[in-house]
Amino acid sequence: MKVMAQMSMVMNLDKCIGCHTCSVTCKQAWTNRSGVEYVWFNNVETRPGIGYPRRYEDQEKWGGGWVRTKSGRLKLRSGGRLKKLATIFSNPKLPEIHDYYEPWTYEYDMLLNAPAGEHTPVAKPKSLLTGEDMKISWSANWDDNLGGSAETMADDPILQHMSEHVASEYEQTYMFYLPRICEHCLNPSCVASCPSGAMYKRVEDGIVLVDQDQCRGWRMCVSGCPYKKVYFNHKTGKAEKCTLCYPRLEVGLPTVCSETCVGRLRYLGLVLYDADKVAEAASIEDEHALLDAQRSVFLDPHDPAVVQAAREAGIPEDWIDAAQRSPIHKLINEYKVALPLHPEYRTMPMVWYIPPLSPVVDVVASSGNDGEDAKTLFAAIAKLRIPLEYLAGLFTAGDTRPVEASLRKLAAMRSYMRGINLGEGKDERIADAVGMTGDTLEEMYRLLAIAKYEERYVIPAAHTEQARELDELACSLDYDGGPGMGGAGPFGSSSGQQVPVAVENFHALKNRQTADRPSTSGRVNLLNWDGNGAPDGLFPPKSGEE
Amino acid sequence: MTAWDVLLWVAMPYAAFAVFVVGHIWRYRYDKFGWTTRSSQTYENRLLRWGSPMFHLGILMVLAGHVVGLLIPREWLYAIGIDEHIYHLGATALGTAAAVLTLAGLAILIYRRRTVGPVFLATTRMDKLMYVVLGAVLLFGTIATVMYQLLGPGYEYRGTVGPWLRSLIVFQPQPELMVDVPLMFQIHVIAANVLFALWPFTRLVHVWSAPIGYLFRPYIVYRSRDDARRPGSRPARPGWEGIQTPDPKKLTKL
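Each protein sequence line maps, in turn, to chains A and B. Numbers 1 to 546, taken from UniProt numbering, label the letters of the first sequence in order. Numbers 1 to 254, taken from UniProt numbering, label the letters of the second sequence in order.
Next up, chain A with everything else stripped away, as it sits in the complex (with noise of 0.2 Å):
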């Protein structure tokens, strides 16, 4: 057993309401800059839908992830080692820039210094490529709400798999949105096909990164990822991709994505793997034993064994214990309502998603039904073949079952919930009737419908070593009183004995940091008030109030 560590993310599609915020604020952070204009580290697709890139599903025509060979090995769909140098000078299966989208901007310059005439001045969109007048034809999100998407949903590739008396009814049925970003998967085929040996899974956390100094811009790793989430920077001519805003989480920081999600749906959390098993698991024969295959590589951060395993890996305490508080090992491994994205490319993505119940609550609520009823759900979700199996589509490589079982978990949840809340009491037939128990339905609801902050996003900092160095240093001056406790020294905040710089500054800068917490009992030093809300003790007590 090899235990490792991944940082991944849970999407909670149901309370996903297509704003784009995400991408937006990814994009400001991330990709706002010349050769990225028309690169979405994280975008939002209106399902069913073509996607961004135009159809990235068709591993036919793209050729990206993982095949079975019938010798029961894994290959890379667009060939192997020797067929990547072959076809070296010209890549075979690269997207064009106009498979995603032409980049453009608008000429705001003239609708100030346009010269006085009889019609208003407009903003001609210009294109970012060539500088010309272009016509907007094509977008990242160009479907965005099923715009449009008589004409192009024919092309979405989860539909043209769907058996035909099914696909043919979509129209009258639902959409949801799907956020997607880099899957940081346990298996990377883009790291797999990169000739240069730039592309790397990180020991730690298992971030995929591109070391832009190494890369040399062969482009084999956008052919290579079957979810299209590494781009080419024209400018540059290197692979950029989605960092999981690493910078961020080895603070303790969530994502700019999750930390700007208005829905409050993403979740980040650790899981505990063994690294051994993955190759293992994602060549099982059976398409649709590939999720479980997935679930049984995940270990149990609880298990004595696994976290004596773990230490020994050399992974700090600190993050055994944020596995162990993970929401994401909750959601996969023991509410199991969270489900890979396209488990049949043999990558082993990392960025699961809890898929929507509301498209049927709202059939269910539009026909004059109950829509928070149990059995009014349970009956619609296996009624309602076309969502289940546009979502088997999506998550199970078309297997229905555990599409359903996450279905009726979340619809089980709604109408327990309500139960309650209307004073009727705790049925546990509801529970029963999915395999779960009354308080774990409670469990679940806190931790997808109240979502706290804390609970939605366990993210342990790096550098722990040195924290607990600080830490340690910290506590020799645990006197009493002493500036270990926190306490002022005798003749005021600043007296007492010498203390070492860093542990001064440490105390400091994490008092200032937890903003409106005084630095000092009583008063507060304002060399290290950081300007936040008026701490107690900032002002002298008001006379007559002692």
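Incorrect hints may appear among the rest.
[Claimed, not checked] Here are some, though not all, of the chain B residues that point toward chain A, as calculated from beta-carbon distances under 8 Å:
#1 Arg-38
#2 Ser-39
#3 Ser-209
#4 Tyr-214
#5 Arg-223
[To be verified] Keeping only pairs whose Cα atoms sit at most 25 Å apart, straight-line, the calculated DMTMM-like set for lysine to aspartate or glutamate is:
#6 A:Lys-83 - B:Glu-44
#7 B:Lys-32 - A:Asp-213
#8 A:Lys-93 - B:Glu-44
#9 A:Lys-235 - B:Asp-31
#10 B:Lys-32 - A:Asp-211
Bear in mind the hints are in silico, worked out from the structure with no lab data behind them. All of these numbers come straight from a predicted model, not from anything done at the bench. Cβ atoms here follow ideal geometry from the backbone N, Cα and C, with glycine treated the same way.
Got chain A sorted already, so can you dock chain B onto it with the hints?
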């Protein structure tokens, strides 16, 4: 032999070689980020799909031909039974094919570069200069081959240009060997020298990144976040060594 001959056939190749080596070291140390193929395939693929493989495969054949023709002494080939006549036939046939492939590929690529808007806008001044020099080297090499080997009686460069190049490599330069070489071959050699001097400062550096290592490494690469930051993982640069305690034992030594 004049001073010009020494300048052209001794000084210039060595100078070009020095710039070539030092330039690459400099570029690698200070511009790893700029070390890329700068592919424009995302802009346009229809022409590139033909032009790029034609050019690259052609130029690899040209390279192989030059190694056999210039670096390997003809006596060695005689020894394994490849006589003058066989060599001449083979070199002319393969060389012409390689030249056609390379030049046709280059023509497609240059046409594409000029006519496809985004590709042309992504072309730097250095690229343009490089295309001129590279084109000149290829063109004069082809003219020489066509003039002397294909249409003419055949020029035996293995008695002059080859030994001259090898004399440079062993630092015993014999510029006199180049004096009577036909003009087209001379221009070809001089243009090649200019190209070598220009090489480290152009996108041609991607030649040295040919990913042979890909054949031998495991598919999935793991790297530690802290590798670069862990003290001692990289030798300290002079003047930036960390603080070290002096060894007190040295005090007692003589």
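Against the earlier hints, flag every one the structure doesn't satisfy and list their numbers going up.
Hint check: nothing fails, all pass.
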